[in-house]
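Protein chains: 2
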Amino acid sequence: MGGERKISSNVLYKGRIINLKVDNVVLPSGKKALREVVEHAPAVAVLATDPDGRILLVKQERYAVAETLLEIPAGITEPGETVRETAARELREETGYEPLDLEEVLRFYTSPGFSTEMIVLFSARRLKYAPLEQDYDEDIAVERIDPESLRDYLGSGMIRDAKTIAALCWYLHHEHGGNE
Amino acid sequence: MGGERKISSNVLYKGRIINLKVDNVVLPSGKKALREVVEHAPAVAVLATDPDGRILLVKQERYAVAETLLEIPAGITEPGETVRETAARELREETGYEPLDLEEVLRFYTSPGFSTEMIVLFSARRLKYAPLEQDYDEDIAVERIDPESLRDYLGSGMIRDAKTIAALCWYLHHEHGGNE
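Listed in order, the protein sequences are those of chains A and B. With my numbering applied, the first sequence covers 1 to 180. With my numbering applied, the second sequence covers 1 to 180.
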């Protein structure tokens, strides 16, 4: 670490879910380079299994990519909220379930070449139906998939979201058993 | 699809690897909302196995997240280049190996809530040593990992990059065998 040294930083945009800054840096070689950085609040994603052992996915339109995607429930931390609180809130908003058992299992960056976004992945169990209202600008449908069909979902290309692929793979290796 | 209808679009930044636009949309409910979109060229990532069957990872500083990460080789398409050509070029630049066998295996979005970035994942085999010069602003070290230790890498939290987690999981299920 510490190879690239910032010499100046310009914030070009401060928005609702992202900020944009462009930094000038000096490389270890002494050469200069530009670094475009999208600042994004920490986010959470929740791999939740319902009382019947099925995994909850949400289907929603994603404007940026002009597609409807199947993803695990996820969302962005709000000011003053811990990632655990965000995970519980987002799961309730998007699926109606409150998790009585919530465990952090993995942390990863979604696109470290330009974005600060980090996702904290939680595993949620012992779900209790206690819905919260969805965000006004979200239109989300819940799907439940059987763990037995997970490999088919992953193999078929139906899952086109990186955090969901990472989470379902984690599940296959750690929860579903039979792989070790 | 087609639920959110664009009513206006403002390009706020056109940069080196990303553009930023902010669109006003009408939701299916008739309400209005803002959509912040980072435009990013299609990218590729390469899961390459060397002649000894080890998987090639690259270690590099990621300025945006202020960390040194272990990732599979990856990069952005250049104008006029197919994703297959990008995959072959990036692998040579970052590891020195030219793949004689390159197969597309998966496509996914890294952060569909705000970014258009899509990654096309290739599996590369039959590697021939034929290095290309690295980009002047990249400082990359190659690591080789044994497929037997993949689960440990994934379980230990040492891999903190979503595309790399997705790719290594794909490998475990499709290539390494013994899981079906």
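In case anyone wonders, no lab produced these hints; they're calculated from the structure. Please note that a few of the clues may not be correct.
Since copy identity is lost for identical chains, a pair holds within one copy or between any two.
To be verified - The calculated DSS-like cross-link candidates involving lysine-lysine, where the alpha carbons are at most 30 Å apart (straight line), are:
hint	residue 1	residue 2
1	K128	K21
2	K6	K59
3	K32	K128
4	K128	K14
5	K32	K59
6	K59	K31
Have a look at K6 and K59 and pick one of within, between, both or neither, based on CA distance no larger than 30 Å.
Answer is between; shortest inter-copy Cα gap is 20 Å, intra-copy 40 Å.
Checking an output row: K59 and K31, CA cutoff 30 Å. Within, between, both or neither?
Intra 46 Å, inter 20 Å, cutoff 30 Å: inter-copy only.
Indicate which option fits the pair K32, K128 if close means a Cα-Cα distance not exceeding 30 Å: within, between, both or neither.
Result: close neither inside a copy nor across copies, 54 Å intra and 33 Å inter.
For the identical chains here, do K128 and K21 meet the 30 Å Cα criterion within one copy, between copies, both, or neither?
The answer is neither: 42 Å in one copy and 40 Å across copies each exceed 30 Å.
With identical chains, the pair K32 and K59 could be close in the same copy or across copies; at 30 Å between alpha carbons, which is it: within, between, both, or neither?
For K32 and K59, only the inter-copy Cα distance (21 Å) is at most 30 Å; the intra-copy one is 44 Å.
What label fits K128 with K14 when the C-alpha limit is 30 Å: within, between, both, or neither?
neither (38 Å within a copy, 47 Å between copies)
In this structure, the earlier hints numbered 1, 3, 4 are contradicted, and the remaining ones agree with it.
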